[in-house]
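> In the order they appear, the protein sequences are chains A and B.
Following the working numbering, the numbering of the first sequence begins with -15 at its first residue and continues without gaps.
Following the working numbering, the numbering of the second sequence begins with 523 at its first residue and continues without gaps.
Keep in mind that the hints were calculated from the coordinates and are not lab data.
One or more of the hints may lead you astray.
[Unchecked claim] Think about it this way: if two alpha-carbon atoms lie no more than 20 Å apart in a straight line, the pair counts; the simulated SDA-like pairs of lysine to any residue are:
1. A:336 - A:377
2. A:18 - A:59
3. A:114 - B:788
4. A:200 - B:548
5. A:336 - B:554
6. B:547 - A:196
7. B:811 - A:306
All values reported here derive from a predicted model rather than from experimental measurement.
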Amino acid sequence: MDSAQLFTFATIAYLAAMVLYISYLVFRKEGVGKAASFTTYAGLALQTVALAMRWIESYQMGIGRAPLSNLYESLVFFTWCTVLIYVIVEWKYKIRAFGAFVMPVAFLALAFINVAGISTDISPLVPALKSNWLFYHVLLSFISYATFGVAFAVSLIYLLQDTDERGSSVNLFAALGIFALLVVLGYVLTASGMKVPFWIGLGVLAVAWFTYLVMKGALNKPLVYLFITLCSTLALGLLVFMGIDYLVFSMQGQPAGEGFRKHMFESTFISRSIPVVAVSWAALFSLFALIWSQGLRIKALLKQFMPAQDILDDLTYRLIAFGWPLFTAGGLVMGAIWANSAWGTYWGWDPKETWSLITWFIYSIYLHGRYVRGWRGTQTTIISLIGFLSVIFTYLGVNLVLSGLHSYGGMN
Amino acid sequence: MEKQEQQGMVEVVADKIWKFFSSVKLAVVLLIILAVVSVIGTVIQQNQAPEEYLKEYSLTTIQLFENLGFFDLYHTWWFVLLLLLFTANLTICTLERFPYAWKAMRAPLKPLEDDGFKAVPFKKEIVVKGGMEAAETTALKALHGKRYSHQLTKEQGMTHLAAQKGAYSRMGVYVTHLSIILIFVGALIGAFFGFKGFLNLPEGEASSVVYLRNEPLWDQIMDGFGISKSPVIHDPRGGVPAMPLGFYVRTDDFEVDYYANAGRPTGMPSEFWSLLSVYDLRQQKVLEKRIRVNDPLTRNGITFYQSSYGTIPNAVGKIVLNVNQKNSPGPGETIVVMPGSSVYVKSIDRTIKAVGMAPFGMRDPATGQVQYYQARNEELINPTVELEVYRGKSLAYRTQVMKVDSGEPSMPENYRISYIDYWGARYTGLQVTKDPGVWIVYAGFILLCVGPLVAFFGSHRKLWVRIQERKGQAAVLVGGSSNRNRIAFEREFNSIVETIAK
Ligand code: HEM
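Could you put together the complete structure from these sequences and hints?
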């Protein structure tokens, strides 16, 4: 048996744990909850062994390096940390229901590896990457990312409890309308060669909206509800559509991997066939409407399981107060020291560096936001959600999206 | 009232500015703006050649972005101004609050009155047998056991103990803030007095200048005002400006090692290094070091980093070979021959001619045949030399030697020829920087790691114990509070109460 097989088993265990945790919420049977926890421990144990084996395998191949050096390994390590931190929180707080929110993150991250066709080879390191600083940099960064990930799940539950009302369905249609308008605008501008200005405009809009939510969101509960709906739709939708890409791509008999990533969304959103594009968007919009209409049910379901909101708020803060120092030391400082020892520049404003700085700014806003009068609960929690979106972008988006945005950008 | 009237305009304005800059709200606003603006610079690629931008944007867009400074966003005056505003905010906010925090940290704890006990988050009353004295002793022991320092007062038949620990953790925030200020100061010093440059230096050559990416701001300003002349040499034809080093640096040797797969080099470098030596202006050698990626050489505050390499187009190097008697432990004889020419080797009485030289050859271990591969950029992945060996004027045999051989080269006579180097056809790519601010930045880095740890993992914990006589027994009231990590504090609190109760 090799590490790859063990990773597959761990993925299956996480999938099972996810299903069990969700059933636990639905059926409220203590036994199901115990089974869910047990499955999680088993998955974690399997994954731990797999990580160790991969490390040993790299020595057997004569490469000999920690399993932390490429996208595949870092995603696996990220999942491992997330589950570990979750297990600690579950054990300390004696609350199982978080599992229904955390295990999907873990499972989706592992599923993303397969769907996005990320290379699983143990490849040797280029000389610049041979540095102990880099090792600690990556290690600490991922532990903090995982902490932020669990904080994200807790924040999501907080917000879900926070929104007592979603408003009339006028809200939904207004949101769908704006969404549709942006989509059309996106296609038009992209076709006329204004892809980058469009994305910048979209980004500015998003930030404006986030800022408004943070400042005034607590008073406008339906808007917060829309925000959660949009976040969940995008997360779920992107994965499903990338899955479709993957299926189509492998049905055409082409190998996954680099090639696949260059054709992302070509079988859905940017297909040559206009009906396919229309159907794809219609599906995404329906998903949005579905989540919007069912969210309150999920909330009612959760109510019985969830601790009081101030405990959730406190837990979010504690997780961030744990992750932020690690991210500062590992993500920023050690990264800078490594860059300085390799190139003599501790800060070069390259997109990856800049995005980790942005992430750091966002969590710094979170920490300081608690001192600005009146920013409690809802507002700071929204910042925690945005912070994790920024983590994901720092980690995946910079390679997948930003380089794709430029016609001459390579994938690496 | 009177005081306010006495204040002049200047004080009022200064006061307003101070207030404005000490607000946390401003900090949050500036952080948001910085985050948003930084995103733009990641979406638009920075510092590309104009042709690249033309592929991407229309001319009007390019004009607009150019005017806004979006193509070199992080160095525009307005971005730097934002950073300066943020630093001012941080500095003033910290100065404003630090004295209070310092006082609060140093101030001894006061005993708690009844009202105070009502307000603390944790409290418990217990009755201890054995009277006041015994209760006091056990309480002190319990507090010291948890490393609290205490203050003892007695009044009206009551004994008050006020104890605390971890007061220093209140400094964590200030250490963190100070670290950011240090990093900014260090970065400014670097920009004013340091430079960044590069040097592509062929094997065997020396240089006393490097080519600049960033000229020191200080030199630019001084030169601009005509106060002192910048040492930088500007090419009147608009070439890259050069910075004199004050010494020579020479590449003695350059090598690349490649990862091997089943004994064959893959073409993926595992390590590359240069042997550099430094000569002073009188051409005396003062320093020699083999530099690798992640392991640079420093002289007079100027650091040379191994960053890249390449082959010099059409350059002809020297082939360096070693000739040694078979089974001889000695070092043998090193010979140098140019491709296409020959050299007479006295120790074996043969003339060796280097017929050809290929950058990437491999021997099929089964047949012994040498095959040649096309390497990208003529990279010397496995240099292979074809030799003809002459006895007098007549050809004795032909053979091939290479850097990494997966078989045996044919050596029919009593000696062995082996490959050492192909020298002089490559250059080493060096990043060269001088950054006098880097140590301040590093000091900031250390504080930035320590500060948050102290701030978030430490906590200022306070305990108050009041011992009172009640019916011959001691009534002990314990109260406590902690500014952080309440759960852990609660556990400690309960354990202390239990110890006292025993
Ligand atoms: C990027 C720069 C900054 C970093 C890394 C930083 C870091 C921190 C940290 C780690 C804390 C502790 C937070 C907590 O206890 O939850 C803190 C608190 C604080 N920061 Fe900052 N900060 C920064 C910028 C600023 C600025 C510009 C201001 C200016 C107004 C500011 C004002 C404060 C205040 C008032 C507190 C609360 C202090 C207290 O507990 O009494 N910070 N900061």
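> None of the hints should be skipped; say for each whether it holds.
We went through each hint and held it up to the structure:
| no. | hint | in the structure |
| --- | --- | --- |
| 1 | A:336 - A:377 | 9 Å, holds |
| 2 | A:18 - A:59 | 27 Å, violated |
| 3 | A:114 - B:788 | 18 Å, holds |
| 4 | A:200 - B:548 | 17 Å, holds |
| 5 | A:336 - B:554 | 18 Å, holds |
| 6 | B:547 - A:196 | 15 Å, holds |
| 7 | B:811 - A:306 | 42 Å, violated |
Comparing the model with each numbered hint stated earlier shows that hints 2 and 7 do not hold.
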